[in-house]
Amino acid sequence: MSDEQPAITLYRLQACPYCERVVRTLDEQGLAYQSRFVEPMHSDRNVVKRVSGKRSVPAIVDDNTGVTMSESANIVEYLENTYGEGA
Amino acid sequence: MVDFDVVDLPEHDAPEPGDTAPDFTRPLVNDEFWEDASLSDLTADGPVLLVFHTMAGAFPATYVWNELRDRGVPEDVQTVGVSISSPYEHKSFLEERGVDARLFSDPAAGVAADYDLEHDLDGMAGVTEHRPAVFLLDEVRTVQYRWVADEWPDFPDYEELADALAGL
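Here the protein sequences come in this chain order: A and B.
For the first sequence, numbering that gives the first Met the number 0 gives the first residue as 0, with consecutive numbering after it.
For the second sequence, numbering that gives the first Met the number 0 gives the first residue as 0, with consecutive numbering after it.
Honestly, the hints are just simulated from the structure, not real lab data.
Result set (EDC-like, lysine to aspartate or glutamate): computed pairs, CA atoms no more than 16 Å apart in a straight line:
hint, chain 1, residue 1, chain 2, residue 2
1, A, 48, A, 70
2, A, 48, A, 38
3, A, 53, A, 70
4, A, 48, B, 31
5, A, 53, A, 38
6, A, 53, B, 31
7, A, 48, B, 30
8, A, 53, A, 43
Label pairs and their in silico Cβ distance ranges:
hint, chain 1, residue 1, chain 2, residue 2, range
9, A, 66, B, 44, 23 to 33 Å
10, A, 45, B, 74, 18 to 28 Å
11, A, 76, B, 10, 51 to 61 Å
Beta carbons are placed, not taken as given, at the ideal position from N, Cα and C, and that holds for glycine.
All chains should be built: construct the whole structure from the sequences, respecting the hints.
Below you can see the structure in the form of structure tokens.
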């Protein structure tokens with residue numbers, strides 16, 4: 000899309016609590032992100048598989064660091080370590 | 000055609016050739032995912048054919064997208080639709096019809112209001128959708144060509160549209 004696209008892209012599913020957990024951390028860290036919504040059916044998530052190697056969401060792509068990651072606990076830990084107060 | 004009068008649609012004040020088409024941001028759906036996008040993001044990449052259409056499932060949406068697909072229009076110009084259908088419906092529609100385009104989801108028809116092309120559906124209380132229309136926009140959203148439905152139903156003049164595309 001435009002050149003002003005945020006560096007972080009979040010692949011998410013509507014109403015997925017694990018995705019909302021990541022959103023909360025992104026908001027806490029004041030990070031801009033672009034949401035890309037996919038469908039509940041795993042078989043309909045090829046875009047996530049191409050990006051992250053797995054069909055699970057949430058998944059993030061961080062162009063600041065070149066990191067791509069799945070699993071909400073891992074993502075939250077990564078965001079806090081990379082962008083948090085102690086980083 | 001039929002031997003009775005088709006329903007006329009009212010006067011409107013939609014953007015005309017030379018006008019700047021109103022910008023908007025809505026979820027833009029492709030065959031894999033959707034994300035918020037602005038019309039101006041798309042025009043920044045080149046001319047855009049903006050197609051207002053009925054909700055997925057109604058035959059005019061099927062007809063117009065089959066025609067655009069069969070004429071290869073999405074290969075010639077960035078082609079995007081707008082309707083009140085949800086992103087889920089848009090995604091299924093693109094897959095089922097084999098259409099290589101992207102569709103904005105505008106369930107509250109706010110974009111229709113901005114373009115003065117709201118169509119309140121008789122017999123579907125509370126449902127307003129987009130009056131069928133086509134806008135060919137240049138890189139700064141200036142309208143190069145416009146077609147707006149005068150009747151219900153009504154379909155674009157595809158030959159005229161082809162001429163407008165050739166003139167880009």
